[in-house]
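There are 2 protein chains.
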Amino acid sequence: MSKPLILISNDDGITSKGIRVLVEAMQTFGEVVVVAPDSPQSGMGHAITIGDTLKLEKSDIFDGVDAYECSGTPADCVKIAKHYVLKDRKPDLVVSGINHGSNTSISVLYSGTMSAAIEAALEGLPAIGFSLCDYSSEADFSHTVSHIIKLAKETLKRGLPKGIALNVNFPAIQKEEIKGLKICKQADAKWQEEFDERHDPYGRRYFWMAGEFVNFDKGTDNDQWAVDNNYISVVPCQYDLSSKSAMETISKEWEL
Amino acid sequence: MSKPLILISNDDGITSKGIRVLVEAMQTFGEVVVVAPDSPQSGMGHAITIGDTLKLEKSDIFDGVDAYECSGTPADCVKIAKHYVLKDRKPDLVVSGINHGSNTSISVLYSGTMSAAIEAALEGLPAIGFSLCDYSSEADFSHTVSHIIKLAKETLKRGLPKGIALNVNFPAIQKEEIKGLKICKQADAKWQEEFDERHDPYGRRYFWMAGEFVNFDKGTDNDQWAVDNNYISVVPCQYDLSSKSAMETISKEWEL
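Protein chains in written order, with the working numbering: chain A, 522 to 777; chain B, 522 to 777.
A hint or two may mislead.
[Claimed, not checked] Have a look at the derived ranges for each label pair, beta carbon to beta carbon: (1) A:D661 to B:E715: 37 to 43 Å; (2) A:D721 to B:E697: 51 to 57 Å; (3) A:R726 to B:F734: 37 to 43 Å.
It is worth saying that the hints were derived from the structure and are not from the lab. Where is the CB? At the ideal position from N, CA and C, for every residue including glycine.
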């Protein structure tokens with residue numbers, strides 16, 4: 522039986538530790554092709570490159586793996602992988618990550634990791650974004666590997682509903698502390714920004730955006746609760762943003 | 522009675538024609554503050570600036586309007602407006618646009634215009650993104666103004682459900698051709714990319730991403746149908762991406 526074809530991307534860039542762990546995990550059962558950014562693309566959301574050019578270079582960074590580094594965003598990487606690198610070959614699965622840092626809750630909107638997965642879902646491909654709640658470049662991913670392989674194989678076996686990509690977050694804990702996996706919803710939380718005002722040596726004002734994560738969600742059915750309580754969170758994310766209930770309310774009540 | 526405070530941003534940049542039309546429309550009944558990108562940010566999706574600094578400069582581009590140009594993305598603009606420029610003043614409404622070009626269907630994911638509106642919704646503010654289905658920098662926005670004022674006033678009066686921003690698209694037609702306004706869902710369509718491979722004068726390979734819009738949606742209840750049939754489309758968009766139905770399917774059927 523031929524191995525499943527697995528496309529891998531990420532947003533921390535092709536040299537990050539997280540993507541290497543993901544490549545090695547997928548190599549245990551799949552044929553792997555990597556198209557990943559040539560530099561970090563964190564916080565790029567679903568950005569794409571319009572009005573500028575893209576570069577794509579072959580990379581020998583992973584032994585025995587067909588890999589490319591691209592100057593674009595994670596969404597660009599999936600597009601150029603699908604329509605140029607793989608062309609007539611359709612991947613059986615697209616995985617993105619493993620992100621260095623949490624993508625729970627509202628971070629899914631800002632996440633380059635998830636934009637790669639959602640871009641793949643748009644192409645009708647089963648896709649998963651994996652993140653570890655640890656921003657360190659030397660983070661310990663060892664406890665994630667067996668779960669990632671299991672999730673990837675189950676996704677290959679079952680497929681995903683149309684229009685859905687999975688957002689998977691791992692708590693940064695030891696393997697034996699993991700209590701299991703929770704299918705859950707996106708927590709109702711946000712980033713509360715602060716702007717740190719400074720001046721450069723020429724007297725010009727500039728800002729650093731900083732902030733803290735504020736969780737309004739008191740429930741136990743959301744991804745932030747899951748990772749805070751030693752569970753792996755799995756949120757099925759849809760790219761159809763239409764709200765049926767808001768459509769009804771506005772249609773009935775507004776005067777337009 | 523004091524005028525409502527209206528924050529305006531966009532993704533085409535502070536010098537674009539579309540934002541000027543929007544500023545002039547909102548000035549007819551509101552107190553306007555503008556924080557917009559200092560350069561075009563089309564296709565930036567929900568990108569934010571992480572690991573780099575932001576600049577913010579006062580602008581006198583609009584007579585009698587408190588305006589600022591920011592080096593960041595549309596989402597950055599709303600964040601710095603809310604937490605630095607306006608600080609203790611809460612806008613009654615946030616409007617973004619008018620975008621030069623369509624943001625129907627899946628374009629909502631790539632849209633900087635809509636990311637500004639969604640960022641405002643995240644802050645609990647009523648927000649609308651306006652787009653005209655004409656990419657020209659000299660596009661004719663005259664037929665949009667009365668509808669924009671009506672929608673803005675109705676949104677101020679009714680508020681929006683929690684977690685919702687409106688995505689409004691205008692067909693590029695004459696005023697008298699507009700058939701009305703449709704509350705609708707996001708069309709099931711996508712961009713089909715092609716990569717145009719070239720070489721620079723030094724022999725290095727690069728690509729232009731091009732593509733065409735492919736509409737799979739045969740219904741008449743979606744935004745693409747609406748603008749194609751001379752209606753103004755209004756899609757209530759939610760930033761909670763969780764799919765309840767996919768959560769159920771996976772919880773019941775998968776072995777995890």
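| request: Kindly indicate which numbered hints from before are broken by the structure, ordering the numbers from low to high. | output: none
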